[in-house]
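Residue numbers (full-length UniProt numbering): 1 to 363.
Rather than coming from a laboratory, the hints here were simulated on the basis of the structure. Predicted model, so just to flag it, every value in this text is computed and none were measured. There's no promise every hint is true.
Said to hold, decoys possible - As a list, the in silico BS3-like pairs of lysine-lysine whose alpha-carbon atoms are at most 30 Å apart:
1) Lys216 / Lys241
2) Lys221 / Lys351
3) Lys241 / Lys222
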Amino acid sequence: MAYEVEGVVARSKGAPVTIETILVPDPGPGEAVVDIAACGVCHTDLHYREGGINDDYPFLLGHEAAGTVAAVGEGVTDVAVGDYVVLNWRAVCGQCRACLKGEPKYCFDTHNAAQKMTLADGTELSPALGIGAFAEKTLVHSGQCTKVDPAAPPASAGLLGCGVMAGVGAAINTGAVQRGESVAVFGCGGVGDAAIAGAKLAGATTIIAVDISDTKLEWAKKFGATHTVNSTDTDAVEAIKALTGGFGVDVAIDAVGHPKVFEQAFYARDLAGRVVMVGVPTPDMEITLPAIEIFGGGGSIKSSWYGDSLPSRDFPMLIDLYLQGRFDLDAFVSETIGLGDVEEAFEKMHKGEVLRSVVVFDK
Numbered sequence: 001m002a003y004e005v006e007g008v009v010a011r012s013k014g015a016p017v018t019i020e021t022i023l024v025p026d027p028g029p030g031e032a033v034v035d036i037a038a039c040g041v042c043h044t045d046l047h048y049r050e051g052g053i054n055d056d057y058p059f060l061l062g063h064e065a066a067g068t069v070a071a072v073g074e075g076v077t078d079v080a081v082g083d084y085v086v087l088n089w090r091a092v093c094g095q096c097r098a099c100l101k102g103e104p105k106y107c108f109d110t111h112n113a114a115q116k117m118t119l120a121d122g123t124e125l126s127p128a129l130g131i132g133a134f135a136e137k138t139l140v141h142s143g144q145c146t147k148v149d150p151a152a153p154p155a156s157a158g159l160l161g162c163g164v165m166a167g168v169g170a171a172i173n174t175g176a177v178q179r180g181e182s183v184a185v186f187g188c189g190g191v192g193d194a195a196i197a198g199a200k201l202a203g204a205t206t207i208i209a210v211d212i213s214d215t216k217l218e219w220a221k222k223f224g225a226t227h228t229v230n231s232t233d234t235d236a237v238e239a240i241k242a243l244t245g246g247f248g249v250d251v252a253i254d255a256v257g258h259p260k261v262f263e264q265a266f267y268a269r270d271l272a273g274r275v276v277m278v279g280v281p282t283p284d285m286e287i288t289l290p291a292i293e294i295f296g297g298g299g300s301i302k303s304s305w306y307g308d309s310l311p312s313r314d315f316p317m318l319i320d321l322y323l324q325g326r327f328d329l330d331a332f333v334s335e336t337i338g339l340g341d342v343e344e345a346f347e348k349m350h351k352g353e354v355l356r357s358v359v360v361f362d363k
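Take these sequences, add in the hints, and give me the full structure.
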């Protein structure tokens with residue numbers, strides 16, 4: 001018997017989202033139904049609405065979520081009814097060539113629920129990142145449920161599901177920031193500030209935040225930025241070199257995903273430094289760099305998939321650090337809102353007025 005709930009749906013490109021009746025089926029083999037307690041409004045959801053991911057409309061939006069397992073299907077042993085979980089969109093398969101090489105963070109065949117949630121008229125929905133959590137319940141693969149300490153409030157914990165993990169992982173996992181190193185982060189939204197927080201956790205001593213918004217640069221200081229650069233009226237590369245003895249940083253993180261920003265990150269690194277792209281570019285963007293500069297600079301250029309994270313390892317670790325007072329997840333929550341406020345939250349996010357609006361479900 002299907003569950004009937006309300007959810008936020010994007011029906012067509014650029015159209016305002018609507019609240020619709022959603023039918024969530026009983027979980028099948030390997031699946032779980034989760035009662036959603038809270039779900040963050042991420043820029044990726046806006047990308048879905050705008051057709052920036054694909055055109056498989058209608059979309060059931062929402063993916064940065066925490067909640068409680070309500071039901072599990074046949075063969076599910078990794079989670080049980082009543083478990084408090086953060087949802088992830090890279091449930092590893094354990095069988096692909098990446099997993100078999102011992103690199104499950106790169107899994108090439110991640111799992112989603114086999115069944116489809118639908119509108120009341122039977123129209124199949126495409127859940128954002130295989131989750132679709134702007135709804136009172138959602139259906140996911142059981143591997144997308146990561147158990148964490150229930151002492152962490154869902155409005156904060158759920159943000160690990162995407163943006164926060166992407167940023168922290170870009171610094172700690174992909175960039176491999178070490179104690180005493182210098183880091184520059186370009187773009188100080190949710191992902192960029194999480195990268196700053198990750199660099200601080202890793203022990204970086206110089207953390208330079210770069211943005212075109214003074215408001216966002218002030219936010220960055222709260223997460224651990226030791227210096228800020230407004231690149232509207234300052235050459236970011238020259239400013240970063242001036243702050244690092246003329247050399248550049250050990251790790252430069254592009255949290256914007258734009259060719260010009262990536263170029264700045266590339267030239268702002270020290271010899272043998274690492275450049276990390278975690279911001280998502282659009283399909284039409286291209287980057288041109290002199291080959292001799294790539295060769296002569298040494299080091300590495302990396303893209304960061306979901307912060308190169310393994311949710312089963314990294315989510316509980318970060319929740320533990322939060323509960324110890326060492327990682328301020330609460331600081332990412334700008335406001336809590338209702339299900340009907342998502343469209344307004346998109347506008348606030350577009351204007352740079354919030355880090356995260358979080359939909360909270362009253363139970």
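Are the Cα positions of lysine 216 and lysine 241 separated by 30 Å at most?
-> Since the Cα atoms of lysine 216 and lysine 241 sit roughly 21 Å apart, the hinted pair holds (cutoff 30 Å).
Below or equal to 30 Å on CA atoms is what counts here, so check lysine 241 against lysine 222.
-> Holds - the C-alpha atoms of lysine 222 and lysine 241 are around 23 Å apart, at most 30 Å.
Would the pair lysine 221 and lysine 351 pass a check requiring their Cα atoms to be no farther apart than 30 Å?
-> 20 Å, holds
This entry satisfies every hint, going by the numbered hints stated previously.
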